[in-house]
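Residue numbering for the sequence shown follows our numbering, beginning at 3 and increasing consecutively.
Since the hints were derived computationally from the structure, they do not count as laboratory data. Take the hints with a grain of salt, since some may be wrong.
Calculated lysine to aspartate or glutamate pairs in the DMTMM-like style (CA-CA distance at most 20 Å, straight line) [claimed, not checked]:
no., residue 1, residue 2
1, Lys54, Asp29
2, Lys105, Glu136
3, Lys105, Asp49
4, Lys83, Glu132
5, Lys83, Asp24
6, Lys105, Asp156
7, Lys97, Glu136
Restraint-style ranges between C-beta atoms, simulated for each label pair [stated by the list, open to error]:
no., residue 1, residue 2, range
8, Glu19, His43, 30 to 40 Å
9, Thr146, Ile91, 15 to 25 Å
10, Glu19, Glu138, 13 to 23 Å
11, Ala124, Asp49, 44 to 54 Å
12, Tyr78, Thr31, 37 to 47 Å
13, Met128, Thr57, 17 to 27 Å
14, Thr35, Pro157, 35 to 45 Å
15, Thr31, Glu118, 21 to 31 Å
16, Asp156, Glu56, 50 to 60 Å
Ideal Cβ positions, reconstructed from N, Cα and C, are used throughout, including at glycine.
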Amino acid sequence: MPGDISLVEIMKLVGTEIGISDWITVDQTMIDTFADATLDHQFIHVDPERAKAETPYGGTIAHGFLTLSLLSAMNYSGLPKIREQTLGINYGFEKIRFMSPVKCGARVRGRFTLAETRLRGANMLMLTYEVSVEIENERKPALTATWTTISQFDPKDRPEGA
Numbered sequence: 003m004p005g006d007i008s009l010v011e012i013m014k015l016v017g018t019e020i021g022i023s024d025w026i027t028v029d030q031t032m033i034d035t036f037a038d039a040t041l042d043h044q045f046i047h048v049d050p051e052r053a054k055a056e057t058p059y060g061g062t063i064a065h066g067f068l069t070l071s072l073l074s075a076m077n078y079s080g081l082p083k084i085r086e087q088t089l090g091i092n093y094g095f096e097k098i099r100f101m102s103p104v105k106c107g108a109r110v111r112g113r114f115t116l117a118e119t120r121l122r123g124a125n126m127l128m129l130t131y132e133v134s135v136e137i138e139n140e141r142k143p144a145l146t147a148t149w150t151t152i153s154q155f156d157p158k159d160r161p162e163g164a
C-alpha cells in the first residue's frame, strides 16, 4: 500500500494490513557494526567460526535488538506516507517477542497491521501497529510486537469533527 494517504483515510484502515516492507539482507558487516555500536560482542553474533562450532545455528545470528531496530527502515519502505504529517515520532513498543533467530545472510521484511488510531491534542495522531518481522523461507517470524508511533501535523489539518 505504500504511496501517500490522508489522515482521514488512514483512520479508516484500523484492522487492515497496510504495509509490507522491502526485504533487507542482514549480513555480517551489519551485525558487526551493530555490535560495535551497542558494545555487544557476544560470539554468537561476531565470531562466525566459533558460532558454527558451538551453536545450533550454523553460524552467527543477528542481535534481537538489531532486528527490532530495522523496523524503522521497514516503516519507510512498507507504510504509506501521511500527506499532512510534518514529523514522525517513535512512541514505543508493547509485547515485543523474539521468536526465531535471524541467521547471518538471511533476508527479513516487516508486515504492518494498523491496530488503532487515536487523535491526541490538536496536532497528533497516535498509530498503533501489530508488526512482525518475517525471515525469508522460514515459517516463524523473527519477532512480533505492538508498536506505537505519532504522526504530528499542522493543527489546521486536523480532520473536521475529530
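Cross-check of the supplied hints:
no.	hint	verdict
1	Lys54 x Asp29	15 Å, holds
2	Lys105 x Glu136	12 Å, holds
3	Lys105 x Asp49	13 Å, holds
4	Lys83 x Glu132	18 Å, holds
5	Lys83 x Asp24	15 Å, holds
6	Lys105 x Asp156	43 Å, violated
7	Lys97 x Glu136	17 Å, holds
8	Glu19 x His43: 30 to 40 Å	37 Å, holds
9	Thr146 x Ile91: 15 to 25 Å	22 Å, holds
10	Glu19 x Glu138: 13 to 23 Å	18 Å, holds
11	Ala124 x Asp49: 44 to 54 Å	52 Å, holds
12	Tyr78 x Thr31: 37 to 47 Å	21 Å, violated
13	Met128 x Thr57: 17 to 27 Å	40 Å, violated
14	Thr35 x Pro157: 35 to 45 Å	40 Å, holds
15	Thr31 x Glu118: 21 to 31 Å	37 Å, violated
16	Asp156 x Glu56: 50 to 60 Å	55 Å, holds
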